[in-house]
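Single-letter residue listing:
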Amino acid sequence: MEKKSINRRGFILKTGVGLGVLLGVGVVACGPLRRTIAQKVDEGGVGYKNEYEAYIWFELQQDGSVILHSPKVEMGQGIFTALAQIAAEELEMDFNNIKVVHATTNHGPIDALSTGGSLTVSTLYQPLRELASTMREMIKVNAAKLMGVPANTLTVKNGEVIGANAKLSFAEIATKSTDWHLKIENLVLKSKKDFTLIGKPIPRIDLVPKVKGETLYGIDSTFPDMLFGSVARPPVFGAVFKSAEAGNATNMPGVVKVIIEDSFAGVVAKSRVQAEDAKKALKINWIMPDKLVQQADVEALVKVGVGKDVIIQKEGNTAILKNEDTFTKEYYSPLGAHAHIEPNGSVAFYQDGKVVVKMSTQVAKITRDDVAKALKIDAENVDIQSQYLGGGFGRRLQTSHAIEAALMSKSVGKPVHVFFERTEEFQNGVLRPPTHNILKAKLDANGTIEALEHHTASADVAFNSAILANIFKPLSSSIAESLVGADFGAWRGGMIQYKNIKNYSTTAYHKELPFQTSWWRGLGLLANTFAIESFMDELAHHSKQDPLAFRLKHLPDDERGRSIKNVLKAACEKAGWGKSLPEGRAMGLACSIDVNTPVAQVAEVEIKNGQIKVKKVTCAIDPGIIINPDGVKAQTEGAIIMGLSATLFEEVTVKDGLATPNAFGYYPMAYLRDAPEIDVVLLSSGDNPRGVGEPPIGPIGAAIANAVFNLTGKRLNRIPLQSHIS
Amino acid sequence: MRIDFTINGIPKTVDVPENMPLLWVVRDVLNMKGTKFGCGQAACGACTVHIDGDAIRSCSFAAQYAQSKHITTIEGLSSGEKLHPVQQAWIEEIVPQCGYCQPGFMMSVANLLDKIPNPTDEEIDDNITNICRCGTYYRMRKAIHRAAEIKSSQL
Numbered sequence: 001m002e003k004k005s006i007n008r009r010g011f012i013l014k015t016g017v018g019l020g021v022l023l024g025v026g027v028v029a030c031g032p033l034r035r036t037i038a039q040k041v042d043e044g045g046v047g048y049k050n051e052y053e054a055y056i057w058f059e060l061q062q063d064g065s066v067i068l069h070s071p072k073v074e075m076g077q078g079i080f081t082a083l084a085q086i087a088a089e090e091l092e093m094d095f096n097n098i099k100v101v102h103a104t105t106n107h108g109p110i111d112a113l114s115t116g117g118s119l120t121v122s123t124l125y126q127p128l129r130e131l132a133s134t135m136r137e138m139i140k141v142n143a144a145k146l147m148g149v150p151a152n153t154l155t156v157k158n159g160e161v162i163g164a165n166a167k168l169s170f171a172e173i174a175t176k177s178t179d180w181h182l183k184i185e186n187l188v189l190k191s192k193k194d195f196t197l198i199g200k201p202i203p204r205i206d207l208v209p210k211v212k213g214e215t216l217y218g219i220d221s222t223f224p225d226m227l228f229g230s231v232a233r234p235p236v237f238g239a240v241f242k243s244a245e246a247g248n249a250t251n252m253p254g255v256v257k258v259i260i261e262d263s264f265a266g267v268v269a270k271s272r273v274q275a276e277d278a279k280k281a282l283k284i285n286w287i288m289p290d291k292l293v294q295q296a297d298v299e300a301l302v303k304v305g306v307g308k309d310v311i312i313q314k315e316g317n318t319a320i321l322k323n324e325d326t327f328t329k330e331y332y333s334p335l336g337a338h339a340h341i342e343p344n345g346s347v348a349f350y351q352d353g354k355v356v357v358k359m360s361t362q363v364a365k366i367t368r369d370d371v372a373k374a375l376k377i378d379a380e381n382v383d384i385q386s387q388y389l390g391g392g393f394g395r396r397l398q399t400s401h402a403i404e405a406a407l408m409s410k411s412v413g414k415p416v417h418v419f420f421e422r423t424e425e426f427q428n429g430v431l432r433p434p435t436h437n438i439l440k441a442k443l444d445a446n447g448t449i450e451a452l453e454h455h456t457a458s459a460d461v462a463f464n465s466a467i468l469a470n471i472f473k474p475l476s477s478s479i480a481e482s483l484v485g486a487d488f489g490a491w492r493g494g495m496i497q498y499k500n501i502k503n504y505s506t507t508a509y510h511k512e513l514p515f516q517t518s519w520w521r522g523l524g525l526l527a528n529t530f531a532i533e534s535f536m537d538e539l540a541h542h543s544k545q546d547p548l549a550f551r552l553k554h555l556p557d558d559e560r561g562r563s564i565k566n567v568l569k570a571a572c573e574k575a576g577w578g579k580s581l582p583e584g585r586a587m588g589l590a591c592s593i594d595v596n597t598p599v600a601q602v603a604e605v606e607i608k609n610g611q612i613k614v615k616k617v618t619c620a621i622d623p624g625i626i627i628n629p630d631g632v633k634a635q636t637e638g639a640i641i642m643g644l645s646a647t648l649f650e651e652v653t654v655k656d657g658l659a660t661p662n663a664f665g666y667y668p669m670a671y672l673r674d675a676p677e678i679d680v681v682l683l684s685s686g687d688n689p690r691g692v693g694e695p696p697i698g699p700i701g702a703a704i705a706n707a708v709f710n711l712t713g714k715r716l717n718r719i720p721l722q723s724h725i726s
Numbered sequence: 001m002r003i004d005f006t007i008n009g010i011p012k013t014v015d016v017p018e019n020m021p022l023l024w025v026v027r028d029v030l031n032m033k034g035t036k037f038g039c040g041q042a043a044c045g046a047c048t049v050h051i052d053g054d055a056i057r058s059c060s061f062a063a064q065y066a067q068s069k070h071i072t073t074i075e076g077l078s079s080g081e082k083l084h085p086v087q088q089a090w091i092e093e094i095v096p097q098c099g100y101c102q103p104g105f106m107m108s109v110a111n112l113l114d115k116i117p118n119p120t121d122e123e124i125d126d127n128i129t130n131i132c133r134c135g136t137y138y139r140m141r142k143a144i145h146r147a148a149e150i151k152s153s154q155l
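Line order of the protein sequences matches chains Z and B.
Under the numbering used here, think of the first position of the first sequence as 1, with each following residue one higher.
Under the numbering used here, think of the first position of the second sequence as 1, with each following residue one higher.
Source of the hints: derived by calculation from the structure; they are not laboratory data.
These numbers come from a predicted model, not from an experiment.
Note that CB positions come from ideal geometry on N, CA and C, so glycine has one too.
The reader is advised that the hints may include incorrect statements.
Stated by the list, open to error - Coverage of chain B stretches by chain Z, computed from C-beta distances (three or more under 8 Å per stretch; other residues unrestricted): (1) 81-90; (2) 100-108; (3) 132-139.
As the list claims (entries may be wrong) - Reference excerpt, derived from the structure (chain B facing chain Z, CB under 7 Å, subset only): (4) P17; (5) W24; (6) K33; (7) G40; (8) Q41; (9) A43; (10) C44; (11) A46; (12) I74; (13) E123; (14) D125.
So that you can see chain Z by itself, here it is in the shape it has in the complex:
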């Protein structure tokens, strides 16, 4: 036998981290229920339902090394490293002997939903420790049999099982043991004080291959004799494929076959260039929209007061804000792009009623089910083999190209590789929705907020996506939408956390746009925090109070409130909040809490030749137990720079049904020259890890805008700030 495989199906299902809070609700949607759901989502009480279809988590190799099949994908967030640390900790083995691979849908545990929501480490921490601990005990039991001593006389350390008179390495145990169907009971997990790997800044496990250029991403995947497909995609928003004729494409150089399916037309050729050239010769009959979408349409649709509105948070009575002396401000953010550097692509090979697809995806299982449906085959005949992702950011939650590749492969009987051109990523991908926020407040004579209202408007984030339907299984998407009422992705970060205010409410408005908008790192977190935290700053300045003290006095003294106060104080202390700065510099402060991880940031800015320059960002974050401090810092730095890029520069507008711009170079993003110095302060409260990937993107927009106000006295209420500075 080449290697030992261990099937722990029953065990894994038992320890799954599913939370059934939303299921069984089954009653008519009403205000209080929606608010309960909204509050639970905001406070992380409703984890997205993780179900693992478990086959193999670990493989113990004959050389004593262990392969961990990860149900979640590695898109840069460092989870392979964190998961390896968690597993090796309980396995009591050398970290360098554990290898992490992506589980495929036919081999290994697959997350039923997605990799996203900053949930990987927080939801896998406990089950993975239990699994690894079980595995360690199984190794120990087999070692005991080999040594002829009771298992409870043995200890496991550094990849060896040690007894009074003898010791065996994992390699020897793997080689000599035949029966791995062992039942382990009474698991004891390591206590925090005994951790030797968890908490260490171990360099990421994929570091060296990535530096050597050896790591393979979805778009790099191949099969022998692979052909290249190119798909004709709708020329404008709202255009729908009707029919096609091959035209001259069939006779063009390198063309293997012109493919005309029910939902699309394309060409398969011997090279990518030939496929692209031939695609242009196809005669496509599009059903065009009655009217081409314009930017003014987008702005009119996403507006407070327009569309379905749901009160997601309500405390006391805000009627007082109807008076004329109410302090009211508005904030806006535009359409944005994911701009992941690896375009979406996949290669599929259909043979004898089965198909294998290699690709970058955040939703392997949903993709598997979609491909099976499109090919009219059983899901078990589809194997989605996730590869490393060249960025995710939410863009890999829509994976129609897997269906295109699979259908084309079936049609030509050979493997076919399909990918999105960069212009197609802008025009035919999905965009981050625009937002509009209105905040109203009234201060009492002591400068305390008496009442506060937040109104937040957005297009689809969670709505209209396959994920929503999967979260709310067995409910249909439309029933799920009416049940929750408001798009919880859109209002993420939109809840008022300043709960010392006696009267407050948040209302979410939702309207679909005539093109697809969806998940983007942090969802509504950046835009909503930009609005709330800019507003808090405006109120503080309006009433001549220090923005830090003003925030602290409105935060409650419960656990959540204290956790936000702690990061605020830590960030301000490290940044030297209030100290005198060189001429032409100013600081701005903001905070947020997302997936229970509080974050505070102080941005230090200057303005040079009309350009906002962020010189330094000091960030305090409390993600609970920290598996890898360097990984948390890296994610924090990355979220700050991505958020800075969106805050200062990025904007897509719509003209005549086209996303504009639709190319790198024209779509303005942060370059190396725009990146500030970043100082991350790590706090660690509580006994479990919380999310890290998205929370630190929250405060950055407001922190920069607040700093610009402190520097110039000018309040920028529209993202991207750089477009509105002059």
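On the provided structure of chain Z, position chain B as indicated by the hints.
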């Protein structure tokens, strides 16, 4: 069209359409996947290779112009087992996250250090104009300065 060139020191002959971007020759014909496609318009730098000692964005370089040229890709940046100073610095500073753009950055930086051995921050800003979407820029700047140190210490 038949085109001869050397890549990472090895002579190669390919027969490809003359307008095929060099990137696709490297990736699809020679099956070397370290050089990445990002935008196809020479705007992001993910496809950067060295051609006769210059950093070139290979997505916008037609194969026909590669005739008789000496091309280096990320796979050939280091000689033998020892990593290039830029790669060593990238490891010391733990720069990559998703890693997809990093080969292009490392090729650009290696070429910058060939031309300006000890670049100032301003020279880095002016010359390194690739795009990283994970936001590794802060570490990258530290790694570029570190690479300059390692390289000069090896002279």
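*Provide an ascending list of the numbers of those earlier hints which the structure does not satisfy.*
Hint 13 alone not satisfied by this model.
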